[in-house]
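Could you slot chain B onto chain A? The hints should help.
The lines below spell out each chain.
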Amino acid sequence: MSAVKDHAALAQAFNKDEKRVDWHDETLWFVRAKRDRASHGIPDWELLRETASQIKHNVLSNMHDYLVQFEGNALANGIKIHWAADAAEHNAIVLSILKEKGIDRMVKSKSMLTEECHLNDFLQDNGVEVIDSDLGERIVQLAKEPPSHIVLPCIHKKKEEIGDIFHEHLGTAAGESDPQILTETARQHLREVFLTRRAALTGVNFAIAETGEFVVCTNEGNADMGAHLADVHIASMGFEKLIPQRKHLSVFLRLLTRSATGQPITTYSSHFKKPRPGQQMHIIIVDNGRSIQLGREDFRNSLKCIRCGACMNTCPVYRRSGGHSYHTAVAGPIGSILAPNLDMKKYADLPFASTLCGSCSNVCPVKIDIHDQLYKWRQVIVKNGYSTKTKTAMMKGMTLALSSPAIFNISGKAGRLALKFIPFAVNNGLNPWYKQRDMPTPPEGSFTDWYKKNRKGEQP
Amino acid sequence: MKVGLFVPCYINQFYPKVAIDTLELLEKLGLEVGYPLNQTCCGQPMANSGYEHLTGSTNELFTQNFAGYDYIVSPSGSCTLHIKDHLHSDKAPAEAKSIRSRIYELTEFLTDVIKVDSIKASFPYRVGVHQSCHGQRGLKLAQMTELTAPAFSKPEQLLNMVDGIELIPLTRADECCGFGGTFCVAEEAVSVKMGKDRVADHIKNNAEYITAADMSCLMHMEGILKRQNSPVKVMHIAEILNAAMV
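As given, the protein sequences belong to chains A and B, one line each in that order. FYI, the working numbering numbers position 395 of the first sequence as 395, with every residue one higher than the one before it. FYI, the working numbering numbers position 20 of the second sequence as 20, with every residue one higher than the one before it.
Isolated chain A (complex conformation):
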């Protein structure tokens, strides 16, 4: 059991350095505030969200047809299509494409799917070197850490720490933390990578069924640099990335970056439709649990996600626990409703890492009912036996006390002090409530006591 990672324990460790928590919280709140300014500037913002949600609804309801349409059009454009049932199959397909071309070095732009599939580790174990070309991803890759945020992978790192990493790996001066200098260093380093790698892997933000093309959104142009210079372009996508028609991009591109960073649009929104002469273009369409999620009526809407990260930036828990406390590729509220589908036991803690405040659902550009799904996952996890015996015993005790007015109405101050139905009411030295908080002073009598004395008798 001790090997099982737990959000509460990881969050507690993160909170040992309160100043750092403050910094992390403020940094992400700044992004949330930018998102607010950008979205509040669009009078029809809520209509836009509803429209996007409905388009995705249509996609989820007609997934089979759109996938077949997309495949047909992409094949006609000269793209090779691969279907991967799970992460292992996806990784094996990538490796086989590279092997066929005798390639052992690849450049990769941002793809949370490859994080989900742990592609880098797999390729490395099979003798293929991968360099992440997104700046944030490159930083965490050099630090040998996973991304802590889907849009801002190294948001947990301060610029001084990035300076230290660059000093160690890219030869910048010791103590150098000027963002301009560090960025320029990364730029020069990556330029060499772009020029020499024969294979490039990119993610996919939107795959258009109508045309068989896909759209990749970046701010750094790194996906384009990689793909345009490589002989082989591999694009990995979860099957939920589909949209029916190109015109629907006008809805999603307006929402995506405003929600993510508060920018009107990504610097590069690149359409890839067919390989240039002499180039190979592959699309790997990945399931990896998605069809199971699609079959879960309460949770299928989670597949509408366009990976903007707004729910993370707004989440008061995420901001104060850090992305790594979620111990999954996609952290935060959306990760907490996606991960239990992949492994309910391993991620049984995540739906509980929330106060159910509901801010995530309000910022979501495709209106996923994230906090309602967190509540529903809690029920599923308990019913499937992934709760602790202690908790179950406590809940049963609580139920017993609350089901009986006689037990509940134990009169007097001592009775209230001893009440065990409120889990945080007993100060037994172990109760976490008292570590940093006090309890209210118990009053002389309960309201029921007062009422019996001050108002006439039993009420209907």
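Worth flagging that the hints you see were computed from the coordinates, not collected in a lab. Incorrect hints may have been included.
What the hints assert, rightly or not - Once the Cα atoms are required to be at most 25 Å apart in a straight line, the calculated DSS-like pairs of lysine-lysine come out as:
#	chain 1	residue 1	chain 2	residue 2
1	A	K304	A	K345
2	A	K19	A	K158
3	A	K456	B	K28
4	A	K346	A	K383
5	B	K140	A	K376
6	A	K376	B	K84
7	A	K247	A	K304
8	A	K452	B	K28
9	B	K140	A	K367
10	A	K396	B	K91
11	A	K80	A	K273
12	B	K91	A	K383
13	B	K204	A	K34
14	A	K34	B	K140
15	B	K97	A	K376
16	A	K367	A	K34
17	A	K16	B	K204
18	A	K452	B	K17
19	A	K452	B	K2
20	A	K383	B	K84
21	B	K226	A	K16
22	B	K84	A	K367
23	A	K456	B	K2
24	A	K19	B	K226
25	A	K435	B	K233
26	B	K204	B	K233
27	A	K456	B	K17
28	A	K453	B	K28
29	A	K376	A	K304
30	A	K80	A	K99
31	B	K226	A	K435
32	A	K453	B	K2
33	B	K204	A	K19
34	B	K84	A	K396
35	A	K346	A	K5
36	B	K115	B	K2
To be verified - Just so you have them, the derived chain A footprint on chain B, three or more residues with Cβ under 8 Å:
#	region
37	144-150
38	184-192
39	211-224
Where is the CB? At the ideal position from N, CA and C, for every residue including glycine.
Relative to the frame of chain A, chain B by itself:
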């Protein structure tokens, strides 16, 4: 009109004054208010912990207790939301369904049903309003900063009728306090940090009192204020709306 007063379990046991003020406030408005003595809890502590399947008996009890009332009013957005979203009964399914639409949180009952336009109360202090999430985002007691939509606030609409009160603006208008039911102990570190930050926002903006439509958030923040020996106090909105004229 017969109003049934639903008093959340922890208010009954730890904050009886909040329930007394709620009752008196409703009585002052000339309403006939009943208090079913057999009430216990809405069942939310179990349900939010993933044990909604254990709430059958509290649901039946709740349905029995409040069957006879035209409206059910409670000084808690969170417990009200739970009943609205989850109350069901095998014995009296229609009654349970009807209760879900007859239950109101106190401030929305006053603004939307009774439509009060004046309140005789006085509270000459600087007050920060904590928007409890379940009341705000669940029951829509106030507009949410995430949305592109016109501003409103039912609690503030009522508080502005109180003599002498000064409502102070907060830097983060509707950030969660971190109570979250069993979250407050299961995720102690984050819960406390959220509470400390919430309290700090009120203090930074010179609040003398923090008020809310939910006592659970206030209990959490009070626990932190007390530990910090802060002079800032918490007070449920019913206590302010029922404060005597000076």
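Practice task
Decide if the proposed pair is consistent with the structure: K19/A and K158/A, CA atoms, cutoff 25 Å inclusive.
Solution key: Within the cut-off at roughly 12 Å; holds.
Problem - Hint consistency between K456/A and K28/B [alpha-carbon to alpha-carbon, up to 25 Å] - result: Cα-Cα ~17 Å, so holds.
Handout entry: chain A covers the region 211-224 of chain B, three or more CB atoms within 8 Å, holds or violated
Key = holds (count 5)
Exercise for the section: Apply the coverage criterion to the region 144-150 of chain B and chain A: a residue qualifies when its Cβ sits closer than 8 Å to a Cβ of the chain, and three qualifying residues are needed. Expected result: Held - the region 144-150 of chain B has 6 residues with a Cβ nearer than 8 Å to chain A, which meets the minimum of three.
Handout entry: Given pair status - K17/B, K456/A, alpha carbons within 25 Å
Key = holds (18 Å)
Problem - Straight-line alpha-carbon gap K140/B to K376/A, limit 25 Å - result: holds (21 Å)
Practice task
With a cut-off of 25 Å on the C-alpha distance, tell me whether K247/A and K304/A pass.
Solution key: holds (18 Å)
Exercise for the section: Would you mind confirming whether the straight-line C-alpha gap from K452/A to K2/B stays at or under 25 Å? Expected result: Measuring from Cα to Cα gives roughly 19 Å; hence the hint holds.
Problem - Satisfaction of hint between K204/B and K16/A, Cα-Cα up to 25 Å - result: Distance of about 24 Å is within 25 Å: holds.
Handout entry: Given hint K435/A paired with K226/B - CA-CA distance at most 25 Å
Key = Between K226/B and K435/A the Cα gap is close to 13 Å, so the pair holds against 25 Å.
Handout entry: Restraint check for K34/A with K140/B, where alpha carbons must lie at most 25 Å apart
Key = holds (24 Å)
Problem - Restraint check for K452/A with K17/B, where alpha carbons must lie at most 25 Å apart - result: holds (14 Å)
In summary, the structure agrees with every hint in the numbered list given earlier.
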